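Chains as they are written, first to last, in my numbering: chain A, -8 to 285; chain B, 46 to 306.
Treat the hints with care, since some could be wrong.
[Unchecked claim] If you want the ones that stay clear, here's a sample from chain B, every Cβ over 12 Å from chain A, calculated:
1) A55
2) S76
3) E86
4) A149
5) G283
[Claimed, not checked] Residues from chain A that face chain B, not an exhaustive set, calculated with beta carbons under 7 Å:
6) S34
7) P63
8) P73
9) F94
These are calculated hints, taken from the structure and not from any lab test. These numbers come from a predicted model, not from an experiment. Here a beta-carbon is modelled for each residue, glycine too, at the ideal position from N, C-alpha and C.
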Amino acid sequence: MNVIEIKNLTKTYGKARGITDISFNVEEGEIFGFIGPNGAGKSTTIRTLLSLIYPTSGSAAIFGKDCIQFAPEIKKEIGYLPSEVFYYDNMKVKDLLNYSASFYKKDCRKRIIELANIMDLDLNKKIDDLSLGNKKKVGIVQGLLHEPKLIILDEPTSGLDPLIQQKFFELLEEENKKGATILFSSHILSEVQRLCNRVAIIKEGKIVTVEKISTLQENNYKKFKMETKSALEANYFQISGVNNLEIRGNLTSFLFRGNINTVMRKIADIEITNLWIEEPDLEEIFMHYYEKEA
Amino acid sequence: MNIFLHELKAYRKSLIIWSLSLLLIVVLFMSFYPSFAKDSEEFTKIMAGYPEAIRNALGVNLGNFFTILGFYCFPLSFITLCGAIQAMNLGTGIVSKEVREKTADFLLTKPVTRTTVLTSKLLAAFSVLVITTIVYITAASIMAFQVKTDDFSFKLFIMLSLTMFFVQLIFLAFGIIISVVVPKIKSVLTVSLATVFAFYFLGMFTEGAKRYFSPFNYFDTAFIIKNKSYEASFLIAGAIIIILAIAASYFVYAKKDIHSV
Chain A
-8 MNVIEIKNLT
2 KTYGKARGIT
12 DISFNVEEGE
22 IFGFIGPNGA
32 GKSTTIRTLL
42 SLIYPTSGSA
52 AIFGKDCIQF
62 APEIKKEIGY
72 LPSEVFYYDN
82 MKVKDLLNYS
92 ASFYKKDCRK
102 RIIELANIMD
112 LDLNKKIDDL
122 SLGNKKKVGI
132 VQGLLHEPKL
142 IILDEPTSGL
152 DPLIQQKFFE
162 LLEEENKKGA
172 TILFSSHILS
182 EVQRLCNRVA
192 IIKEGKIVTV
202 EKISTLQENN
212 YKKFKMETKS
222 ALEANYFQIS
232 GVNNLEIRGN
242 LTSFLFRGNI
252 NTVMRKIADI
262 EITNLWIEEP
272 DLEEIFMHYY
282 EKEA
Chain B
46 MNIFLHELKA
56 YRKSLIIWSL
66 SLLLIVVLFM
76 SFYPSFAKDS
86 EEFTKIMAGY
96 PEAIRNALGV
106 NLGNFFTILG
116 FYCFPLSFIT
126 LCGAIQAMNL
136 GTGIVSKEVR
146 EKTADFLLTK
156 PVTRTTVLTS
166 KLLAAFSVLV
176 ITTIVYITAA
186 SIMAFQVKTD
196 DFSFKLFIML
206 SLTMFFVQLI
216 FLAFGIIISV
226 VVPKIKSVLT
236 VSLATVFAFY
246 FLGMFTEGAK
256 RYFSPFNYFD
266 TAFIIKNKSY
276 EASFLIAGAI
286 IIILAIAASY
296 FVYAKKDIHS
306 V
C-alpha cells in the first residue's frame, strides 16, 4: 500500500522556484529519502503534502486521501519536523508539548516523558532559553509524541550534535519498526544512506530518479586502488569495464564496472603490497546524476 | 477550544495592561469633573475659541459640555482612540504573529482546518475586547456616580461607553484583513498606529456623507445624547464593514500559501 502518492504535482511561484510534474510513491513501512541540494524543491513538495501551500496542478494523496481535501483528517496521523523550528518563545517546553498534544485525541503524557528522556530534553525550561539544538529536540518530541503513522522530516538534523543525531536516528528506526512510514528529506547523503530504503533525487524542481539505495550503489562503479611492488605496465589493466585508470609510481587506481572476477584474476597475477576496494558513496553517485543532467 | 485558550493566555499580559490603562485614563479624567463643573463659564469661553473641527474631534459639545454626560464625551473620544489601537493590534497580530514568529508551520500541520484556527483566534481577540470593555465600563460607571453633581441617564452613559466597543470591533476587522492579505508584517504596532491615526485625523475633518470614511465618526456623541439612540445608517455601515472584512479574511486565509521564511 502506498502511504504517499504524488501525481504530477506542480507548484509555480515566483520565477525560478517551485516544482514541476513531480510523481512518486512512498510505500507503507519504508523509510524514503528525498534528496537534493538547497532550493531544489524538497520543502515545496513537503509543504504541499501538508497543505501549507496549494499545488498549481497535480495532486497528492496520503493514506489514500487527497491531501488538500482531507487535510485535517490526514494530519491526525502525521508527525512533521521542519528544518527550522520556531515555537512560542514565552512558553515552557512542557506547555508547548502539552499544547501540541491537545490537538490529538490521545493521551500523550507518557510518550512525551519517554521521548524527552531519550532526547535528553529539559521539560521545565522556557523555549526562549533553549539553544538551537535543544529547540530542535523540542521539535522532534513534538513531531513524534502522538505516535504518528507517517513521519515527515524536512532536513531534520541541522543543529543536532552527532550524539543526539545518533539517538534520533535510532528513534526513527524504532518508530519505523513499529510500523511508521518515514519521508526523510535531506541534502546530506550519508544520513540518507544510513537510514533509507529508497530515495528520490530531486533537481531544480524535477525528480531525476527514484531508486533503491542498494540499486543505486550496485549499478555503480567500484573503486580499486592498489600498491604494487614495482610499477605496472601502463596497459596491464586495459580491459573492458575499467575507467579512469591512473598509475602513479607504485600506486594504481581505477574505477571498475562489470564482472568483478575478471579484475580479481588480473590482480591475483601481480605482486601487490596493499589493496583497497571501495563502494562509491552516495555522494559520488549523486554527483554523477547531477553532472549527467547538467 | 485549545487554540482559543492558548490565544487567550497569550493575550493575558496585554489585556491587563490595556484594561488598566483605559481604566486609569477614565478615572483621571472623571476626577477632574467636580472642579471643572464649578468653573464652567470660563471653560466655555476658552473652548469657544477653538475651531469647531478640533472641538468635535475632542468630543466637546459646547451645549452640554458641563453635564456629566457631555463632559464624559471628552475622555471617551480619547479612550476610543486607545481602544481602537488595542483592537487594531489584536486584529493585525492574529495571523501575522504566527508568520513573524514562524509558528504557522506548527499550528497548521496540526489536525485542524484553517477556518477553525481563524475562528478560535478571532473569538479570543473578541473576548479580549469584551473583557476590556467590561472592565472599562465598570470603572467609568463607578467614577461617574462618584463625581456626578446632578442625576444623569445611566442608560445613555452605557450607550456612549459602548461606542468604544463598536469602534474596536471595526478596527479588529480591519486588522484581521490586513494581517491576512499582507504577506509579512514586521511590526504590528507601526501598521496599527498608522492606520488608526490616519482614520482618526480623517475623522476630524470629514462631515456629511464623508463621515462614512472614518469609523471614528460613526458614533456622534452629541447625536446620541440628543436623540438617545445611535444613528442607524452608521450602525449598518459598521456592521457591513465588519462582516465583509471578516468574510474576506476567511476566504483569503483558507486559500493562502504559507511559505517557510
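Results of checking the hints against the structure:
1. At roughly 7 Å from the closest C-beta of chain A, the C-beta of B:A55 falls inside 12 Å, breaking its exclusion from the interface.
2. The claim that B:S76 lies off the interface holds: its Cβ sits roughly 36 Å from the closest Cβ of chain A, which is beyond the 12 Å cut-off.
3. Every CB of chain A is more than 12 Å from the CB of B:E86 (nearest about 54 Å), matching its label as outside the interface.
4. With a least beta-carbon separation of about 8 Å from chain A, B:A149 fails to lie farther than 12 Å from that chain, contradicting its non-interface assignment.
5. A cut-off of 12 Å between C-beta atoms confirms that B:G283 is not in contact with chain A; the least separation is 33 Å.
6. The interface hint given for A:S34 holds, since its Cβ lies 6 Å from the closest Cβ of chain B, which is under the 7 Å cut-off.
7. With 7 Å as the threshold, the beta carbon of A:P63 comes within range of chain B, its nearest partner Cβ sitting at about 5 Å, so the hint holds.
8. Hint status for A:P73 relative to chain B: holds, with the closest Cβ pair at about 5 Å, below 7 Å.
9. A distance limit of 7 Å between C-beta atoms decides the matter here; for A:F94 the minimum to chain B is near 4 Å, and the interface restraint holds.
Of the numbered hints given earlier, the model fails hints 1, 4; all others are met.
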